[in-house]
Amino acid sequence: MRGIWRPDLAWKKVKQRYLLLEEAAGRRKFHYKNGNFETNIEVDADGFVLRCPGIFTRIFFVWRDNG
Numbered sequence: 001m002r003g004i005w006r007p008d009l010a011w012k013k014v015k016q017r018y019l020l021l022e023e024a025a026g027r028r029k030f031h032y033k034n035g036n037f038e039t040n041i042e043v044d045a046d047g048f049v050l051r052c053p054g055i056f057t058r059i060f061f062v063w064r065d066n067g
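Numbering of the sequence shown is given in my numbering, commencing with residue 1 and proceeding in unit increments.
Don't read these hints as lab results, they were simulated from the structure.
Hints may be right or wrong, so weigh each one.
Quick list of simulated restraints, FRET-style, between CB atoms [said to hold, decoys possible]: (1) Asn-66 to Trp-11: 44 to 54 Å; (2) Asp-65 to Lys-33: 41 to 51 Å; (3) Glu-38 to Asn-66: 37 to 47 Å; (4) Glu-22 to Asp-65: 16 to 26 Å; (5) Asp-65 to Ala-45: 35 to 45 Å; (6) Asn-34 to Pro-7: 33 to 43 Å; (7) Asn-66 to Lys-12: 16 to 26 Å; (8) Leu-9 to Val-49: 31 to 41 Å; (9) Arg-58 to Glu-38: 32 to 42 Å.
Small disclaimer: the values here were computed from a predicted structure and weren't measured.
Backbone N, C-alpha and C define an ideal beta-carbon position, used for all residues, glycine too.
Hey, can you work out the whole structure from these sequences and the hints?
Structure, rendered in structure tokens:
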């Protein structure tokens, strides 16, 4: 993966590791590691991150057009 780093906004290669911990009901939990940072992340069936502890939790909502 490549990312943009501050403060110089330069593109840099990012080494990442993902280890599948469990899979159930269309969700997967991975152990993620990047340098000194490690956490477990949860993703949905489409691969979108649902939860990354200490960073964010995805909020779900349903849009209804009552017009």
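* For this structure, which hints from the list above don't hold up? -> Violated hints (numbers, rising): 4, 5, 6, 7, 8 and 9; every other hint is consistent with the structure.
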